[in-house]
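Colleague: Each chain, written out:
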Amino acid sequence: MSDILKVENVTLQFGGVKAITDISFNVKEGEICAVIGPNGAGKSSMLNVINGVYLPQIGTVTYDGVERQSINPRDAAIAGMARTFQNIALFQGMNVLENIMTGRNLFMKSTWLEQGLNIGRAREEERVNRLAVEKVIKFLQIESIRKTPVSKLPYGLQKRVELGRALVAEPKILLLDEPMAGMNLEEKADMSCFILEINKEQGITTVMIEHDMGVVMDISDHVVVLDYGKKIGDGSPSEVMANQDVIDAYLGVSH
Amino acid sequence: MATIPGLVLSHNNNHPDAVALRYKQLGIWNSYSWSDYLAEVTSSTNALKSLSIGKGSVVAVYGNNVPKLIFSISAIQALGGIVVPIHPESTSSELKKILSDSKTEILIAEDQQQVDTFLGIESECSVNKVIYLDGRGMATYKNENLNSFDDLIVKSNNASIENDINSINENDTAFYLFDEHEDSLYKVSHAAIINNSSKIITLNTLTEKDSIVSYLPLSIPTNLLFTFVTSLNSGMSLNLPESNQTIEKDIQEIGPTILYAPSFVFKHIITSIAYRIESANEANYNRYMNHYKSLMEIYNKEVSGESSLLDKIKKSWIMLTTFAPAKNVFGLTKIKHAFVSDGVLSKVNFDFFHAIGVEIQHSFGQAASCGCISVQPDHSVSSENAGKAMTGCEIKINDDSEVCFKTDCSAENLAGSNNSNDGWVNSGYVGKLDDVGNIVIDGRLEDMITLKSGKKFSPENIENLISCSPFVKAAVILGNNQDSVSAIVVIDPNSVNSWADRKNIRYTGYTELASKEEVKDLVKEHISCVNDSLESSLKVKRFVVLHRTLVMNEGEVSKTMEVMRKKIAINLKDVLTAIETNKDNCKVDDIDQLSYELDINKI
Amino acid sequence: MDWVYLIEVLVGGLMSGVMYSLVAIGFVLIYKSSGIFNFAQGTMLLFASLTFVKMTENGIDFWTSLFIAAGIMVIFGVVTERYVIRPLANQDLLALFMATVGLATFQEGFSQFIWDSDVHGLQMSKFLDIGLLDPAPIFMSDHVPWLDILIPKFDIFASLVAGSLIVVLAFFFQKTKTGLSLRAVSDDHMAAMAVGIPLQTVWAVVWAVTGIIALVAGLLWAERVSVSFTLIEAVMKALPVILIGGLTSIPGAIVGGLVIGVGEKLGEIYLADVFGGQGIELWFAYFMALMFLVFRPQGMFGEKLIERV
Amino acid sequence: MIYRETGNFVTNYFKDREIFPLKFDKVVVILGLLYLFLYVPTTSEYFLSAHVIPILAVGLATVGLNILTGLTGQLSLGTAGFMCVGAFGTYNLMLRVPDALMSLPFALLLSGIFAGLVGVIFGLPAIRIKGFYLLVSTLAAQYFVWWFFNSYAWFLNYESSGVVAIAPKFYDYWGLGNFLGVDMQGYPARYLLALVICIGLSYFAKNLLRSNTGRNFMSVRDRDIAASVMGISVPKAKLLAFFISCFYCGVAGGIYSFLYIGNVDLMIYEVDRSFTILFMLIIGGLGSISGSWLGAIFVYEFPIIFTWVGDFIFQGAFNTAVVENVSNMVYGVFIIALLIREPGGFAALWATTKQKLRMWPYPH
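Residue numbers (our numbering), protein chains in the order written: chain A, 1 to 255; chain B, 1001 to 1603; chain C, 2001 to 2309; chain D, 3001 to 3364.
Hints were generated in silico from the structure; no laboratory data involved.
Each residue gets a CB set at the ideal place from its N, CA and C atoms; glycine is no exception.
One thing to keep in mind: the hints can contain errors.
The following label-pair restraints were derived from C-beta to C-beta distances [stated by the list, open to error]:
no., chain 1, residue 1, chain 2, residue 2, range
1, D, K3356, A, D3, 55 to 63 Å
2, C, F2062, D, L3124, 45 to 53 Å
3, B, I1505, A, S238, 45 to 53 Å
4, D, Y3152, C, L2093, 52 to 60 Å
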């Protein structure tokens, strides 16, 4: 299978601090790629570079055959990237349904005038997209909290809603930033199932940052290991597990 | 001449556009008219035809109430097949037992969860094809016996099935129903179960304008009778909730006029009300308590016919300000008949529901009697009995105090074991008949406890009394061959949670909450109250607050939340031994592989 | 346009800039310590100076009035922290801003309700025998022959007061324990709390200090204009100042004040004709700030925000 | 207590989006509309002119500000400036466009569009600057607009007094009044025009709020980075919010001048008014259309009722200064108390009341 995403020699700095140094890796179409590494390894920054929240100083990201030095987040979304955030970025003033509906905004073609008058196309779009959203709600089994304000939901469910919001955009590639952080075992199991199903049954390429090594080894096809902004491992889960640098990084050998 | 698919056909002829079935999916209520219903049954029938289902084929339907599963029941029967409804939460041993006893050939499973359970025991039964309704999560399954129902439907034609339906006989077997307590299957014919439901319909004048929500799996015989068959027979709409988490909200949205519920559901409503009011502010809490007291006083006057106009006004005020909102929340506002099966409500709760205008009608029945042998009439005020035998039924008590019945709508045990003399069937329950012939059920025969003193009693009465507290989810009474009676008490997580919040008790989880001294005192106080109403030899002397709830998946409670003593005796044998040997505490090695320390408290 | 005139304009601008800075410092203090955009700064000015003026009008001597007014402002600051800011501590910044709008409204009504809504003049020279308070301006040509401009003595007085206030504040923040805590709090709330700095006490101190600054600024403004509800508009004037300076920087507030003061005067002189109307002073400061912010959204000395996601 | 939702189920997504899903609500709304359209016009001229019409005008401006601040999270202190554009726009359209081509309702809407465009210009900086820094842009709008109309006398038709009375012929509506035999300059007719516009625009705003546009606005308000990651164009959303909001304010300004006071007066549109409308918004509740109306009614009526109380109970003890000061204190206390106890303002109080009507005495 071909590479859907190529990260080449990316370096990202904030002021004088290097968050990422010269990182390259490829993500194949249809795989689950996990990016792992200790805290502060630059994982989230990597994701932010991929979908254009941060602009790298050096390096390019090739997505879907187009090589770019930078992309803005909106264009990334239009090109079929969707993502979730490490510290849940749901819209706190809205309920679950509305939050997931925002994920469909690129499918809404009617003008604000039509929407304000609630006529024709606007009304119909609201119905059609609601249907798409409802399918995701069913998929994630969150029917019972459909109209609950997200601010009232427990953490685990918020993560699930955020996944729903990304998923409903019908992305080609899904970027998940610590989808299982702070969850209990049962919630982790559910989330793993959802991610696997999204990947295997809907064929959506997934790039995921995750701390839980058990989960990573279980569900990912490909693992990239970062440490202090540098890549120290890249390969299948078993290869990575055998890599001495990775073991050192995780067991905390002094640098 | 009536058969299950025949009823569908006749409704289609009489009122094709009336709503037959509503189910919530993707956030909205979709409805099927009778003609849609027939069309769905037709396509399912044609699909199943391709699997060469014919007269006498046994097909299991395994899952929650989703429309496809409901349609396939009629479809199987239209081909002369026999339907075995299986509870979606069945343990694999139960599933194996049902499948092999019934010699099921084809299994229609709802989704991955059911398919997985089945695949675990695939080699041990005679099923040769599995049809699933929802293929989610099974894309990688390689088993060639797995088929998607949708694929079958696409491949099949859409021929009329009127001839198929007309060629089946009402005396053909329609269902094999599983009785959890007896651990055996019963053969139920179309005529038997339909006639039985007709009795309920005439007795309560149910019409096609009524509506009912079926939120429990149809494998529960009483549920099958009261919801599925009764709605088909009377033509009322059958409503299916969106998922198991949304039942409460869905019932509220529909606002059914008829409610069928095993007793645990009403118990749950009581607990939920308590849990809500426990977290109300002081003033509202106190007013609720006062209103509750006045309401019950007025109700008692009403029953004895002494209520004055002032009482009526007062009651309307109390209803408007305190109890109508509760009815609204649980969707009980429009209820005309509420049938209770599988256990009776304690007097307090029974009276409460009657007082707020939800007319509870106890019924008694099981698989052997096609779900119902007796039902209380409307406006009955006694909480103890389960009504008189319905027309065509007779009830007597044999020498062992066991309830025996005879009915024209009987079901035959597949193993043929309890078909006793002259058509009298032993129900497996002990009970008595009161002066006017109402049947009073005490409990299951096999559960009877004999104390060392030789005193024999049914634990269920005491269990009912203990669990009528909103803080108690369940209770198990022990005492066989012992000096005194003991109890294992399971507290209700929700209501005790909010009670604890109110009392500023800190805890991290259920297990810790259950071990709190305050909680033990709460339980102790309640049991002491219960003891006051018990004769001295039956007073509960010791109790244990269990560190977890009872688990249906383990078979510790039945599908209708009755305690299953045999299984509990195995899973919690450490507790039982400790109580038997008069210890003060015990160490439990539990099913989750962890061990817990429990105190045995004395009263 | 000759350049002597230009210098006069510049000096005038600088002087009014000092006045803006005085208001702006109070703003920055509160914003820095708690992230609150204190809209009530203007009404604090009004309240403080009105309290002071009413006392002197009733025959209380200058220093006693000043002392009592300062005391009232401190109490007011502490009460505000306790009953307005603390209960809202977990709300978002917009809510806190709106709370200060409410506070401003309340204070506007309250100060005029307990005192009155009249326009009061303030002449400090009546109380204080300081040469700089003499209404006669300094003729610069007396000192520098070629510099034929007038400088009001009061402007020099105001600058001196402002300057010493800044020195005192700087000392307060650099050398005292409370000052240090405040700097810690402004750097990182959570970290400050973690090392045991009492956040609420620090806030109370900040509100009290801001009250005193408001008193000083109020008196100076009152001397220049008058004591009436128009003082509230001082806050409107100070807005572009702090925004140009960057909300978190006291030097920024000062430089911003000077930039706006000078810019406004220059604009009035050189650009009024271009716009074909007088009184562009009314909006020119905002346009300047706007132009500035479009190129540097965080203000001159403001901290650049890296938004973490 | 009174609300009953049992038996209220939706069978399609249109029904699920209804503004008033419960029958009880529908009945109340229909009765309310009948009251507003049939009874209110027959009340006294005083009631219409001193209470109802001004509330309609400022309420509409509050709805406008709500779209910008409540929905999109962009603070604005320029409301009165945009109202001013609307008032002057309407006046000049009526004055300068031949009568055959222009009538008051169209002039109101057209000048609303002018105001919207002015809003977009002053909203442009919002693309770069965020939060409190944006105050400077809206204040610039407020002061600039005021200065502009003050400086260029052409817009006031060179009226030296600075106030221009509105000619009766502006209420001609192409002779509609003669045709119907109704005095179109009379307060009932003015009221009805204002009412139709306000209800129409409130409905429009409500629709917007529950549509994609409204969700985009709210997502920009709640998390702008997440919004752009979802593919929402943040600049476009902000500018659109400015346009729509200022359109509402412009129409409100037109209504205020033409249907309420009957003259165009610059003094009405000073920055104080922007604040008054901000109070209405905060007290009413950010993000809620009905809340804006409740807030407008409260803030507008309080001084009137307070004066009335003073006249009746204390024999006119309160002069205007006292009334104004007390009103300000009350607004201040209300704003702070609401923010602490119920940040959603009157709208949230109303929602809680409704919830109580359903659930009371149960807390949930």
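Colleague: For every hint, state whether the structure bears it out.
Modeller: Verification of the supplied hints:
no.: 1; hint: D:K3356 - A:D3: 55 to 63 Å; verdict: 59 Å, holds
no.: 2; hint: C:F2062 - D:L3124: 45 to 53 Å; verdict: 50 Å, holds
no.: 3; hint: B:I1505 - A:S238: 45 to 53 Å; verdict: 49 Å, holds
no.: 4; hint: D:Y3152 - C:L2093: 52 to 60 Å; verdict: 38 Å, violated
Of the numbered hints stated above, the single one contradicted by the structure is hint 4.
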